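K.L.:
Going down the list, the sequences are from chains A and B. Numbering follows the working numbering, with no gaps: position 9 of the first sequence is 9. Numbering follows the working numbering, with no gaps: position 115 of the second sequence is 115.
Hints are computed from structural coordinates only; laboratory data are not their basis. Any given hint could turn out to be false.
Since copy identity is lost for identical chains, a pair holds within one copy or between any two.
Below, in silico cross-link-like pairs of lysine to aspartate or glutamate (EDC-like), each with a Cα-Cα straight-line distance of 20 Å or less [claimed, not checked]:
(1) Lys124 with Asp204
(2) Lys34 with Glu326
(3) Lys3 with Asp204
(4) Lys10 with Glu117
(5) Lys10 with Asp122
(6) Lys65 with Asp54
(7) Lys65 with Asp43
(8) Lys65 with Glu392
Since the model is a prediction, treat every value here as computed from it, not as a measurement.
So you can see what is in the structure, the chains are spelled out below.
2 protein chains.
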Amino acid sequence: MFKINDNYLKLPGSYLFSTIAKKVNAFEAANPDKTVIRLGIGDVTQPLAPVIIDALHGAVDEMGKAETFHGYAPDLGYEFLRTAIAKNDYADRGCEIAADEIFVSDGAKCDSGNIQEIFSVDNKIAVCDPVYPVYVDTNVMAGRTGTYDPKTEMWSDVIYMPCTAETDFAPELPKETPDLIYLCFPNNPTGATITKAQLQEWVDYANKVGAVIIYDAAYEAYISEADVPHTIFECEGARTCAIELKSFSKNAGFTGTRLGYTVIPKDLKCGDVMLHSLWARRHGTKYNGAPYIQQRAGEAVYSPEGKEQLAKQVAYYMNNAKVIKEGLQEAGYTVSGGVNAPYIWLKTPDGMTSWEFFDYLLANANVVGTPGSGFGPSGEGYFRLTAFGTYENTVAALERIKKM
Amino acid sequence: MFKINDNYLKLPGSYLFSTIAKKVNAFEAANPDKTVIRLGIGDVTQPLAPVIIDALHGAVDEMGKAETFHGYAPDLGYEFLRTAIAKNDYADRGCEIAADEIFVSDGAKCDSGNIQEIFSVDNKIAVCDPVYPVYVDTNVMAGRTGTYDPKTEMWSDVIYMPCTAETDFAPELPKETPDLIYLCFPNNPTGATITKAQLQEWVDYANKVGAVIIYDAAYEAYISEADVPHTIFECEGARTCAIELKSFSKNAGFTGTRLGYTVIPKDLKCGDVMLHSLWARRHGTKYNGAPYIQQRAGEAVYSPEGKEQLAKQVAYYMNNAKVIKEGLQEAGYTVSGGVNAPYIWLKTPDGMTSWEFFDYLLANANVVGTPGSGFGPSGEGYFRLTAFGTYENTVAALERIKKM
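Just chain A, with the same shape it has in the complex (with noise of 0.2 Å):
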C-alpha cells in the first residue's frame, strides 16, 4: 500500500491570502456603495513594456516558420540571455560571473523552492523572521524543519533570525551555527535593505563556518541608494559561499509572463563536487528549459529601449512608494521601507494587532494591506503595504489613510 510525504501534512494551512479574500469579500458584500482600493498584493499592475510586447512577438513569428521554428531550448538557457545576463547583471558592476554559471528558469518561486533538494536533509536552515513563506515552507516538504509549535509558530530545527525595528529590521549573525542561510534584499515583506559592508560581514560569516548563503535578489531594480549592494557577488569570496535567484517579475513585469535565473559559481564546492554540477543535473533531469519567446524576452529587457522603458516603469511604482511612505509619515505612523523597495513596512497604531489593523483599515479607509504577522512571529505588529498599484489608486487610498 502507497503512502504519502508525510512532511507535507505538518504544514499549517496557508491561510493569509484566503483570510484576507474572505475578508474583503464579506466587507464588499455589506458595504456595496464602498470602492475598495488593493495594495496588499505584490503582483504588478503595469502592461508589459513595448520593447517586450516587440520581442514576444517577433519570437512568436519565429515559431511559426519551419526555418525559424524552436524545438527543446537548451536544459540551462539559451546562450544569447545568459550572455545578455552575465554581462549587464555581473560584468558591467565588476562582478566575476560566466555566461555558463547562469541558470535560465521560468521564475525565482520555483528556483527558491527547488534549490533546497540538492542539499542534505540534515542541513539546518536560518531564515529572517519575517519572511517570505516559500523558504521556510519547502524545506518543511523535505522533512528539514523538525516539528511545529502552533503557540510560537515557529519550527523547532529552523534557526529564526528576527527582522525588527531593534536590529533596523536586519538580521543579525545567529548563535547556533546554520548550513543554508536565506537572506533576501531587498526584504520581502519589510522593503529593508543591507549595505554592501554588512552582506560582506555576512560572506565572510558563511565562508568561515561552511554556510552557503541563498541570496534572493528578486527586488534589486528598485534599489536607489550607492551602498546597497544589486548583487552578493559584489562582496569578496562569494564565489565560495553564494547562490544568487534573480526574476524578471519585478523590474520588468513578469509575474505573469515567467521568467528568471539562478548563480551558482562554479567554485561552491562540498568537497570536490560542484553545486553547480548537482543543480545542472536538476535542471536537466527535472526540467526541460524556459520558452524560447520568453527567453527572447529577457534578452530585450537588457537592450538599450528595454533599460530605458524599464527604469520608467520602476520609477513610475517607486513615486508610489514615495506617496505611500510620506502619506503615512504625515499622518503620523512609525514607517520604514519604500526607499530600495516597492515594500512599505509600517508599526501598527496603538499596540493593535496586526489584524486588528488590518480590520481597521478596510473599516475605515476602505484599504486592503497585508498583516506582518502573516510573514512569521516577529511581523506580528507590522502591516505591508506594495506599491504596485496605479497611481490613481494609491493617492485616493493615501488620501483615504490621513482622513482616518
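Given chain A's structure and the hints, the job is docking chain B onto it.
P.N.:
Quick look at chain B alone, frame taken from chain A:
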C-alpha cells in the same frame, strides 16, 4: 558545514545523448562530404500551427495593455484552459474528470519528475524496461531506489518490468508488489500500446494492492487504432488509483513553448488524505503558474481550427512513421511501433548490440538513431527511430537504409 544530497552522486552519468553527439561530430569531421540525417531525437520540427500563432500574438497584445494585462496566473491554471481540457480530453470521451482535478503546468517532464515528491521515500516503484529515464532518475535523487549495479544497470529497490518481443512490448504484472507504477502508453521508446482491456487489468491490480499508477499519456494524439485507450480514465476504477500526465509538446509542437497538465482525481486517497490536496499544495508553494500567453495557446489547441490544423500535423509525422516502418520492413528488419506512436523500434540485425548498430548505420547510411540499450537493459539489441524529422529527410534516410 553544509552537506549535499548524496543521492545525486549515485546517479550514473547521463551519457546517452552526449555519446551520440560525440560520435556524430567525429563522423562529420572525418567525412565532410557526407550529409548526416538525424532520426534520433524526440523533438518536433514542424512550426507551430497558424491557430496557435494567432492565439500567442493575441495574448501578447493583451499583455501590452493595462486593461488586459495579466499578472500572476492562478497556481493551478486558468479556468478557460482547465475547462477546455476537461471537456475535450475527458467529458467528450465519456470520462468523469472535473476542471478542478486538472493542474496546468509548464510541461510533462517537470510533472513526471516532481510527482514522486508527494509520496513517501519508502515507497517502491515499478517501471517498464526500457523506459524514459526521468522516472527512475528522479526517484534516485529522492533516495527511493537503493544501490546501483553497473553490471546489470539496475537499482536494487526498483521493480523492472521487461518489455520485449516476448511480451509484445507490454509489461506483465510484477511478482513483487509495487507502491508506484509508472506506465507510458503509447510508449517511448518502443512505440508500443496496450488495449483498453489490458489497461483495465492494471487499474484493477493497482486498486487491489493499493498502488498508484502514474500514467504518462504524452503521445496520446498519435493513437490510430480503436481499442487503444486515450486516457487511463477510460478504465473503471481509475479515479481511485491513477494520476495522468499530459503534454502539449507532441500533439501541438510545444517542445519549445512549454505547456502540460496533470490530472489527480479527488477520489485518489491515502486514508483521509487526497493526493489532489498534496499536489495543490506543491503547486501553490513551489510553482507560480504557467504563463498566460501559453495558456491561451493551449486553449487554441481545442478550437475547431486548432483540432483540424493539429490533426494534419500529427498526420504528417505519422506518414513519416509509415515511411520508416515500411521501408525497414522492405529492407528485412523486424519492426514494431509506428502505428499509434511516432517511434519505430527495430530489432538490430545479426545479433548486433544497440551501439554496434548505431555505428553501422552512421557509417553506412549516415543516419543517426538512438541505441535501445540507452533506455534500459531490456532495450539491448533494439534501436529507436523517430518520425519527427521532415518528410524529405525521412524518405532520404530510408532510401539509404534500404541500399545498405
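K.L.:
If the cut is 20 Å between Cα atoms, do Lys65 and Asp54 qualify within a copy, between copies, both or neither?
P.N.:
both (17 Å within a copy, 13 Å between copies)
K.L.:
Evaluate Lys10 and Asp122 at a C-alpha cut-off of 20 Å and name the case that applies: within, between, both or neither.
P.N.:
both (17 Å within a copy, 18 Å between copies)
K.L.:
Classify it for me, Lys10 with Glu117: is the Cα-Cα distance of at most 20 Å met within a copy, between copies, both or neither?
P.N.:
both (18 Å within a copy, 15 Å between copies)
K.L.:
For the identical chains here, do Lys65 and Glu392 meet the 20 Å Cα criterion within one copy, between copies, both, or neither?
P.N.:
between (43 Å within a copy, 17 Å between copies)
K.L.:
Under a CA distance limit of 20 Å, which applies to Lys124 and Asp204: within one copy, between copies, both, or neither?
P.N.:
within (19 Å within a copy, 44 Å between copies)
K.L.:
At 20 Å max between alpha carbons, let me know whether Lys34 reaches Glu326 within a copy, between copies, both or neither.
P.N.:
Neither. Shortest intra-copy (25 Å) and inter-copy (72 Å) distances fail the 20 Å Cα cut-off.
K.L.:
For Lys3 and Asp204, with the copy left unspecified, which applies at a CA distance of at most 20 Å: within, between, both, or neither?
P.N.:
between (43 Å within a copy, 19 Å between copies)
K.L.:
Cα distance capped at 20 Å. Does Lys65 pair with Asp43 within a copy, between copies, both, or neither?
P.N.:
between (34 Å within a copy, 16 Å between copies)
In this structure, only the earlier hint numbered 2 is contradicted, and the remaining ones agree with it.
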